[in-house]
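Peer 1: One letter stands for each residue in the lines below.
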Amino acid sequence: MKSNDTNFIERLQQQKEDALEFIVDQYLPLIKGVTHKVLSPLNNKGVIEECINDIFLSIWKNSKKFHGDTNDFKKWICAIAKYKSIDYYRREFKKIEVSSNYIDIDGEKSAEDELIIQEDRTELIKLINHLDPVERDIFIMRFFLGFKTEEIAKKLGLTKASIDNRIYRGKKKLHKKATPLTLGENGI
Amino acid sequence: MKDIYELLNDIDVDVTEFEEMEVTKLEIAKVKKSLKKSMNEKKKLKGLKKNLLAASIIVCFSAATVGLTFPAYAKNIPGINDIFRYFDNDRLAFINGTNENKSNATAEKQTGLYHDYKKYSSDINMTKESNGTKITIKEAVFDGKTVSITFSIESEQDLGEQATIFSPKIDGMNGTAGTSKISKIDKNKYVGILTMSNLEDKKLDRANIKWAIDHIQIDKQTSIKGDWPFAFSVKAVDSKVQENQGSAEKNGVKVNIEEITSTPMSFTVYYNQEVSELVSNIWDGVLVDLEIKDNLGNTYSGEDNGGVGDNYNVNLSKTFGKLDGKASKLMITPHVTFIDYNSSNHASVQITNDGPKEIPLPEKPGRGKQEFKLKDIIIEIK
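In order, the protein sequences belong to chains A and B. All the letters of the first sequence, read from the start, carry residue numbers 1 to 188 under my numbering. All the letters of the second sequence, read from the start, carry residue numbers 1 to 382 under my numbering.
Okay, chain B solo, but in the shape it has when bound (with noise of 0.2 Å):
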């Protein structure tokens, strides 16, 4: 049986019946770039929906982990009541060294992203135990794109500090990014954080998750294999849309700020990065992160979301803290690295029907990297 494209491929048309009409570059620049846009979503989705999360996707997160054992807050173990806040103390702390007295003086002045998290959180509590080991879901939090989850683990087995779990499945949400973290908090106890964002361009009113767990990872090799089967619900709060246009541009980067969703404990940042083909032809990749402060000299920590595109031209949110209610001003500065990518921070696989495929790194001339700060941008907060 033919279809339509077959079909429409014996028909004879008579070309000079159609008129060409004029186009200028920018047109055709913005059916390249829409096209580029719709293909990528396409081959992303189609990877994620496979169930295997996407490696391709460009989660960029700073490759090292958080190596600080013990912060002043989690030393009230082993009641450790605000789970959020012991990992914003342990982000903190890593963003300004690993000094630990430090970093208690920078908490004060710096909110963290979890600041108010556990107040508009749901508690769930639910514990479930196999194989000598004991996870309890604690609290979740969705704002309609990201839910925030976190956890405690009670094990016999060591896990060390670079353990992992997979991330749960979501009902309407086919392409998701998301990190998790656990952090050792006394003999044989542990608290962890997962977040997880929806990548498509929509909003849910309620996450239903599934959460199968069915091992924990403790490093490349070995893993607790168990059965913690997970479900529950949690409803998003509410949020706000603000609709904000802004860009900087330097150096072939052009940084677009989309859109500000706030809820009553974060707000979320969509931007996009559009790089010129000058920048592409010499560096693998461009990442692009964004600081924020505000007009009362509030600075704002935060966490990626992940995105969706290539290498280049990527669609991404960042979700960071309480947006303070008397701030009228942002200043969103842009902060782009060129990278070089090379065996130790980058791999990239493609998921075909015989499973995932290796990609050979890319070679172009960039080497080592480079990194530059945009303009700030300025988003009136209305």
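Looking at chain A on its own, in the form it has when it is part of the complex (with noise of 0.2 Å):
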């Protein structure tokens, strides 16, 4: 049997390999777009395609955890795509920034992004799953999907300032739950 536009989700989640192929011949060209779209401005086309084999990889060794239909599957693997492009960005930003002395590449990056750059990721996500679902969805939209706080604000219906608010109380959240962790405790 091979893999369709009705099966393929099952067929992923048994980790039958030919729904793997089934999912790059169907998505490659969004993947493509969407990580061209933020790895582009590094100029480096290696980066680009192990950011792409990368994407495949985990949604691979994920597909158990996806629930939903066709249409949730699409923007799943479209979060994937920019979670992990942005992620490549900031690894490779990092490397420039390291390499280069002379020049003051970005004076917009945000203490937050610096926070994420500096964090171990997975502690970050640990952290996350403290707060409640609509302030974990603000957070992860913000900082892990690069969205502009008015495109949150307009998704969710609410207005700019309370998602300003929200980020603010979630932020707080997060000192507090991370200040027991720089001491080297666990924290959760």
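Hints are computed from structural coordinates only; laboratory data are not their basis. Keep in mind that the hints are not guaranteed to be accurate.
Quick list of in silico lysine-lysine cross-link-like pairs, DSS-like style, CA-CA up to 25 Å [unchecked claim]: (1) A/Lys45 to B/Lys36; (2) B/Lys32 to A/Lys74; (3) B/Lys32 to B/Lys293.
Two chains, two separate frames, one set of hints: put the complex together.
Peer 2: Shown next, in the form of structure tokens:
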């Protein structure tokens, strides 16, 4: 049996390799679009290829964690693609920054971006689990998927001020949770 | 607790925000290939890390045991002073049929793989005795990827012709493939050679080898138990890497030469094989072997180091004898064999948490085998 539009998610979750091939055929144009948008400023073809490979492998490895229909699947892999691309961008960006002593590349980088660059990501994800669902979504969209506050506000039907407010409160919560970690405890 | 993938599943992303980009068929194929590669590597290495030597790695040594008992070279026993060359003669004799006289004549024209190994090897000379059996590690050479070790065994028990010893562990190598041969040279006396190659794409400066031999396998049923713990270290000989590109294609099989590494005593060719679906739908497996000549008429004999991949698309390497310094070109002829697996030539197991699980033989229409050669790949030596 081969994978098709209706059974590919199931087959992917059963770890059938042809399902992964199906997904590559079906979604590579989209994944390529997402990664290029984020990573093309780096001017490094190798990084884009590596990132695309990583995205598909992550989809493959984490397929069991997905719930939903084909439409949700598309959303899910777009989110993964964007998350990974930003991740690669930050990583590469950091490298560039280290190697160039003379150019001040970007003054716009926020404290949160810095934090995510420096923090061990898994630790951060653990912490984010402590937030309430709305805050959690806002955090992920803002810091992992790189959405602007306005975009998030529109999506969630909230005002920009309310988003800012929730980010502020969320950060405070995270800070409280994160403090014990710096003392060398597990914190959770 | 949710991880990032579950969290991302909860987010309602607007897909219209993302734009598709045009992709070519080649790009799709490339992504698939590199995915397959990383998936296979992960799978294989995972199995290997459980310390079970990968049964699923296709290491294809001609299944025949070298049936030759006493080639001329070994007649100077008991003092075989170059075990490496002893096995060369053994091999050459095998290649040319088991006719002893003929093999000696050929051996002079064709230098064996191990001709210069002794010169560059480190003397180990460690002996351990247990259960009436003495094992001595004689020498070892390391080229950064492959370790070759010679040893001798003295045993009151008859080891027969098919004895094997389990491979050692080498620090920093997670996936390895190797061969060992043990050959009788006199009553109660045996010599052996073992090669082990790192399947990962990296080179080491030094091989720290831990070889805790706890049994010698005589045949499927019998073994001699004992305790012969060895630990030693070999520095890699200097090696020179030359990236060479070249390929040949025929009947749905493509062979790419990727890199040649040379050391004072040998050179190793890294290559891969790509097999089209047309072939993989019919045949159970595809083997590619390399035959190498240079522009001066030298023929090189070699030893497979095994490889990583599936039954069709595999990254492989093969080590040959010392490269003639005056040669400027290598002519590499890939020999392709399509095989039909049956119970006598193939067995494969999958390493699962509950132990090894046998994988049934594939049922594909190809029967028997089919052999052919690809066009020579010419490589300029820099």
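Peer 1: Please flag the earlier hints that this structure goes against, numbers listed from lowest up.
Peer 2: 3
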